[in-house]
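Asks: With the hints as a guide, bring the two chains together.
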Amino acid sequence: MARKTRPRIAVWKFASCDGCQLSLLDCEEELLTLTEFVEIANFREATSTVLEGPYDISLVEGSVTTLEDARRIQEVRAQSRLLVTIGACATAGGIQALRNFGNVEEFRRAVYARPEYISTLSTSTPIADHVPVDLELRGCPINKRQLLEVLSALLDGRAPNLPTESVCAECKRRGNVCVMVARGTPCLGPVTQSGCGAICPAYDRGCYGCFGPTETPNLPSLVARLGELGMDRGQRLRVFRTYNAGSPPFRAASEAAHEAGGAP
Amino acid sequence: MSAEGDRYVLSRKDVSRLLEQLHQRGYTVLAPRVHEAALVYGEIRSVEELPSGWTDRQEGGTYRLERRSDDALFGYNVGPDSWKKYLFPAHEKLWTARRTAEGFEVEESRKTGPRYAFLGVRACEIAAMHIQDRVFGGPYADPGYQARRTGALIIAVQCGQAGNTCFCVSMKTGPRVTQGFDLSLTELLDGNDHRFLLEVGSERGAEIAESLHLPVAPPKDVRAAGELLDRTAAAMGRTLRTDDLHELLLGSPEHPHWEEIAQRCLSCTNCTLACPTCFCSTTEEVPELDGTKVERWRRWDSCFTLGFTQLGKSSVRRSGASRYRQWLTHKLASWQDQFGSSGCVGCGRCITWCPVGIDLTVEVPVLRTGARSKSSEGTAKP
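Going down the list, the sequences are from chains A and B.
Each residue of the first sequence is one higher than the one before, starting from 1 at the first, in our numbering.
Each residue of the second sequence is one higher than the one before, starting from 265 at the first, in our numbering.
What the hints contain is simulated information worked out from the structure, not anything from laboratory work.
Backbone N, C-alpha and C fix where the C-beta goes; we use that ideal spot for every residue, glycine too.
Mixed in with the good hints, there may be bad ones.
Stated by the list, open to error - Here are the simulated DSSO-like pairs of lysine-lysine, each with C-alpha atoms no more than 30 Å apart in a straight line:
| hint | chain 1 | residue 1 | chain 2 | residue 2 |
| --- | --- | --- | --- | --- |
| 1 | B | K349 | A | K144 |
| 2 | A | K144 | B | K577 |
| 3 | A | K144 | B | K357 |
As the list claims (entries may be wrong) - Okay, the calculated bits of chain A under chain B, using three or more residues with CB under 8 Å as the criterion:
| hint | region |
| --- | --- |
| 4 | 176 to 187 |
| 5 | 203 to 216 |
| 6 | 219 to 231 |
Just chain B, with the same shape it has in the complex (with noise of 0.2 Å):
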């Protein structure tokens, strides 16, 4: 019998065998796939939809895919989307009113949908899922994520190689997988002998991993495997220091900086977006012309908007800076008084994403640059 803990190798053929497991337990299996010009979670049926040899190259503001000199199939970091577009759906319909001889009634939207695996999951991600989960869960818990949540299986890829935006390490988040998975997979590139290690993380791990009938892991391949991922750590491309952020970012609302960076901020929604945490939604109503329908309809909202702080005619958050700083100060203090975590777990995704590349471990540093002071100049104004 598996068991959590248990280790194996899987080949580079078998991990067809493995998609073939997950789909006859009626898993829809989602993966990074090369889509457009980058890596992005999408359903796969054979492994050849894998980006097999492909890697990025991330730089703030900038995105490109490009060939290795191998033919990994998880060489590469995470891309412009997460597994949040899944849990946490950009359009979600909640629940759809019809006009009656006495009123009307509602009828709730089916909570039920397609069993997800997610392969290729990372570390920050599942620390991303655990931070949504606090969201969505709860005395308020959100029906559909849950439901959506606990029927997904994870399996996670230990990440072979730090990317340029990373910052994982800052976060303890990451780059080695240790909890919140059903498998997890870490790519060997030996040469030809391409091959993974197999970690169980659970009993429906364990299931699917005695079911491939697969031998156990020699000790070189599991210390190869902590090797690499010693190496990732190590291999960051940014860094955070987060021994002060809560009381920083908390005392700073007033520091002239904000108003430097809103010189530079789009507001155009990106890093919000792009950020596996971030949960911000708003509703809306989308009545047939007849009149005897409505559907309630949730959609990602962003609080880079103006709605998003809309109360009667006008906005609470009118200036950019204030915009910036509400999402920065969240993401990385309020977060922490809210949800009892930090809301980042240091993928990279908003600097990379950003149009103008705007990178918060950039930023963050010159707020201690006269942190407190009441300066009157310069001031974020609402």
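In isolation and in its complexed conformation, chain A is listed as follows (with noise of 0.2 Å):
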């Protein structure tokens, strides 16, 4: 069938890896049937030719570090209809959001030679934070299923089937052993948004919650139970602290279990 439109699409980077990006580019297959049904404006990543705006929608990776970035989130905005953010940083300010719990300026002395070359923000924001999202993907990277389910909705004028369960959900669905209750190692899934096809439980490895909280997390019953496997505090400050280190409740764990006493 042919859709009576062609959205134009942009993919834009902030702070970030580009592995969200690289999601897109891994669509190999139906990238090209994509590419049928959406004009790919301006992805530098991909290629160097980049249309002008206004963009139908618009795909951002990655979080706000410098105030260039806080500036040029405004224009993004501006001229896209949808607002789309791809993965750990756009949605919750990605690792770089562990800035938020220290000294950045103590950094900055320490890691650069000329620190004075060095500009950036205190925090690591996601963009919701800065302007209106339409829709976030999570993950760290993203799910390239998820991607297209997204860009297909887009297309049909649906909404996305994304579900916020747990990664539990895709675990017993996928008929992965719980690592937690059979083996004892600790696993955020419980507590960690679905999307992922629980990977990591299906290698024998609990999930570290690359995905951000669920819907509904219960971060301290959680957390008493991770003690209870052998978990310190150390160790269950560490764990929320990592991709996803930003959202509310994952913060509110780790300082949780800073004030308990865990090292910093």
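Replies: Given below as structure tokens:
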């Protein structure tokens, strides 16, 4: 079926590792089909040809860590009909949000030979802290099936199907044996949003929460269980200070561990 | 001719002959195997794949595989999954719609699949199948479930031991398998004489038993099997008083204990998906990018998700307390009104596979303290 319009897509990068943009390139076969129905107007990771805005859909990767980016996201928003954030950086501030718990001025002096060349904000913040966001895709990186689902939904004018349940639901449907119950392996699956396909538990690893908190995460209960499974306070702090350290529930969990005496 | 109720001796080495007979008849044989760190149902081609000498140790939120001191083939209790995953699969394509010049045409998914032989079905699991039969039968029968269920051969195993989270005696579903099986096995381990009492439960089972040309079971084996089941029944790890459950649960919607449970409950869905009777599902459309085709899939859902009660932009059961209350009240009480039986078979999976070990046999008695009191504090919010 020929659709009436061919929406124009732009892909933007803020503070990030480019992994989520790569998930779009990783669509390979589907990417060819996709380009029949959308016009990829601005995607520097893929092509140096950049068409002027406005854009129907902007996919935004990365967090805001500089004053310049705080201004740039306003420009992106202004020329985008729909703005979709992709990945943990854009939706929660990413691993670089660890700076929110530290002293950026000290980092700058310790790390750089010429710290005066570095112009940065003291925080890494999600895109939604700066501009209205129409849809957020979780993950570090995002799941390509979910990305295609979002694009397909936008093309068809329907709501995308993005469950906000726990990773446990995917584990059980996939037939993974629960690593926490059967091995005593600490796992963030019960408080982490699904969408990855429960990859880590499928390989006998605990979930490390790269899709961020579920719709209604019960952190205190899980944290207590992690303690029973042998995680000390420092470990309970660090386990929540990864890609989604800046998400409010994970932040609260790590701060609670910190206040309880966990190593910083 | 073999008939229902006939009993034979199946030696340990004859188990492979039984498997051969099943394979010859075209069955896909599914049985417990050691998989990852648990005993999980899956296809077996030979008797060597059965978990000889393995057992499990279960507690609230804990499951461990351990070695036995003998070579028992069925010396353990139920694991993380149930036969539900074959009869009511986690994902099932219902139909495909294709765009045509006039509109669209719908093609229903094929309802035939492999013929299953379930080997090692416990009494509680047969009870669970009978419960799901009522859910997926009746006036709105599910054709896929029906086809898989009627085709499936049930080879039961009588439980030679009780699990630590088992309470089938309380739920009157076990440990003795008395109905709903084609063949049943009771494992008898007397030193070097490792054998099974094989009982015929149906015509289909009789035909298979006949083909094995087995000796008739002596009275001592029948007696030994009976005694084994008596010992299992006396060793249940958990108990649950059931006589008042209907009134208790339906009379306790505002009991403060729901809020207390919600402090621990992760709303992670594990209990419902591990449960052999929970049947909730949702459907989703999976379209092709080019807009020419869409598939409708059904997948397991859970009353612990917000999406389960989403109406418009919001959900009806927003609090963890209201979701746990819904699950337990349905399972133990309103299920009786809906389907004529309890929804719980006492298998203990929801206890073992809850990551934080919430145990309904502990929670229900708390509801009896101060039930029907209208507490103004701690009321379960929507």
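Asks: Each hint: holds or not?
Replies: Quick rundown of the hints versus the structure:
{"no.": "1", "hint": "K349/B - K144/A", "result": "holds, 27 Å"}
{"no.": "2", "hint": "K144/A - K577/B", "result": "holds, 26 Å"}
{"no.": "3", "hint": "K144/A - K357/B", "result": "holds, 21 Å"}
{"no.": "4", "hint": "176 to 187", "result": "holds (count 10)"}
{"no.": "5", "hint": "203 to 216", "result": "holds (count 4)"}
{"no.": "6", "hint": "219 to 231", "result": "holds (count 5)"}
Hint compliance for this structure: no hint is broken.
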